[in-house]
Amino acid sequence: MKILAQISRVVVGLLFIFSGLIKLNDPVGTQYKLEEYFEVFATDLPAFHDFFMSLVPLALYFSVFLCTAEVVLGIALLVGYKPRTTSWFLLAIIIFFTFLTFYSAYFNKVTDCGCFGAAIKLTPWTSFGKDIFLLILILIIVYYRKNFNPMPTGIIVMLSTVASLGIAFYALRHLPVLDLLPYRVGASIPAQLKPSEPLRYKYIFEKDGKTQEFEQYPSDTTLVFKDMVVLNEEAKPKITDFKVWNDEGDFTEETFKGSKLFLILKNFTDINTAALPGISKLINSVKSKGIQPLILTSGSSEEIKGFLTEHQLTVPFYYVDATVLKTISRSNPGLWLLKDGVVKGKWHYNDTPSAEVVTDLVK
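Every letter in the sequence shown is one number past the one before it in the UniProt record's numbering, and letter 99, counting from 1, is 99.
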């Protein structure tokens, strides 16, 4: 069993480090997941509605803390730093994660827990199973913690804490170092709106109390339809909710024509207005270079019109779902450059490019 404890220590340590680093690369993504959980709990537990809603503004701080804790605890476990304290902290955090994934799976809420960020997508029950597996390994570690020789490795733990916070700070001040989202630079948006191959289905029917499955839709009218399942899930479109519109109608296909520089305004409550003078200068410069500037927002018509007037911007605006805008840009405002539907550039407001850089990217 001591060998099993050592194997458990290595497996848990590596998984925690991997999970934490993936999420530290994109702490805003984890923030959105935590906000979603808080809002779900506020709805499902009305007696605690105000408490959970009060946590929403703190979601980013919780995100950085949890992601940093995963990395630091994983490293502390591997190097043998204070095994007693480390093992109990690991147990506490895995119980917390197991509760969240069980809640997601059982009640079908927050169906993508974001356990490994955007790198690996797990179904709710798979996420729960993964956490049960880790819980068992951590219980073994807790039981055999006295067999781990404590080592004076505090400097390693301290450096890992500083490095983890540095990664999170960089991602918040700029953009994720590794963009794993479908709207990343180099991705074709029109291509991802279509299946990579024709979708194949399995049709499930019932007759005389017996379940029958067909790969072609049956003509027998006595069969009772139960379900339709996609057989080649990997071929499904990577993007299903990208839609652009205004008061005149759908504009989605137009966004894929020519060179377009989008100013992303996710909302008007936490927008960084200090960056707007530089962005406004960029927009005015690219107009004369054959690049069409447009605004994408999830705000109301009144909000965007008031915003344009206040900041003296003369740019056409279009609506996009708020969740889609959060996926496209982790900053508010953000810049997103497309040429014929292919992403050529994406910038945080702290990294607003020059007109020359933008022009070179769409040549």
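Simulated from the structure, these hints should not be mistaken for laboratory data. Ideal placement from N, C-alpha and C gives every residue a C-beta, glycine not left out. Don't take each hint at face value.
To be verified - Below, in silico cross-link-like pairs of lysine-lysine (DSSO-like), each with a Cα-Cα straight-line distance of 27 Å or less: (1) K226 x K210; (2) K257 x K236; (3) K326 x K281; (4) K121 x K82.
Said to hold, decoys possible - Here are the computed distance ranges between Cβ atoms for each label pair: (5) A92 x G129: 14 to 22 Å; (6) S188 x T323: 39 to 47 Å; (7) F89 x N147: 13 to 21 Å; (8) S54 x N284: 40 to 48 Å; (9) I120 x K226: 25 to 33 Å; (10) K226 x G249: 54 to 62 Å; (11) K226 x K287: 22 to 30 Å; (12) F214 x E248: 41 to 49 Å; (13) L45 x E215: 41 to 49 Å; (14) K226 x L180: 33 to 41 Å; (15) E234 x V40: 41 to 49 Å; (16) S188 x F214: 31 to 39 Å; (17) S54 x Y106: 23 to 31 Å; (18) F214 x Y61: 46 to 54 Å.
Hint check:
no. : hint                    : in the structure
1   : K226 x K210             : holds, 11 Å
2   : K257 x K236             : holds, 24 Å
3   : K326 x K281             : holds, 24 Å
4   : K121 x K82              : violated, 33 Å
5   : A92 x G129: 14 to 22 Å  : holds, 20 Å
6   : S188 x T323: 39 to 47 Å : violated, 21 Å
7   : F89 x N147: 13 to 21 Å  : holds, 18 Å
8   : S54 x N284: 40 to 48 Å  : holds, 42 Å
9   : I120 x K226: 25 to 33 Å : holds, 31 Å
10  : K226 x G249: 54 to 62 Å : violated, 38 Å
11  : K226 x K287: 22 to 30 Å : violated, 56 Å
12  : F214 x E248: 41 to 49 Å : holds, 44 Å
13  : L45 x E215: 41 to 49 Å  : holds, 44 Å
14  : K226 x L180: 33 to 41 Å : holds, 36 Å
15  : E234 x V40: 41 to 49 Å  : violated, 29 Å
16  : S188 x F214: 31 to 39 Å : holds, 35 Å
17  : S54 x Y106: 23 to 31 Å  : holds, 25 Å
18  : F214 x Y61: 46 to 54 Å  : holds, 52 Å
Figure legend: structure checked against the earlier numbered hints; hints not met, in rising order: 4, 6, 10, 11, 15.
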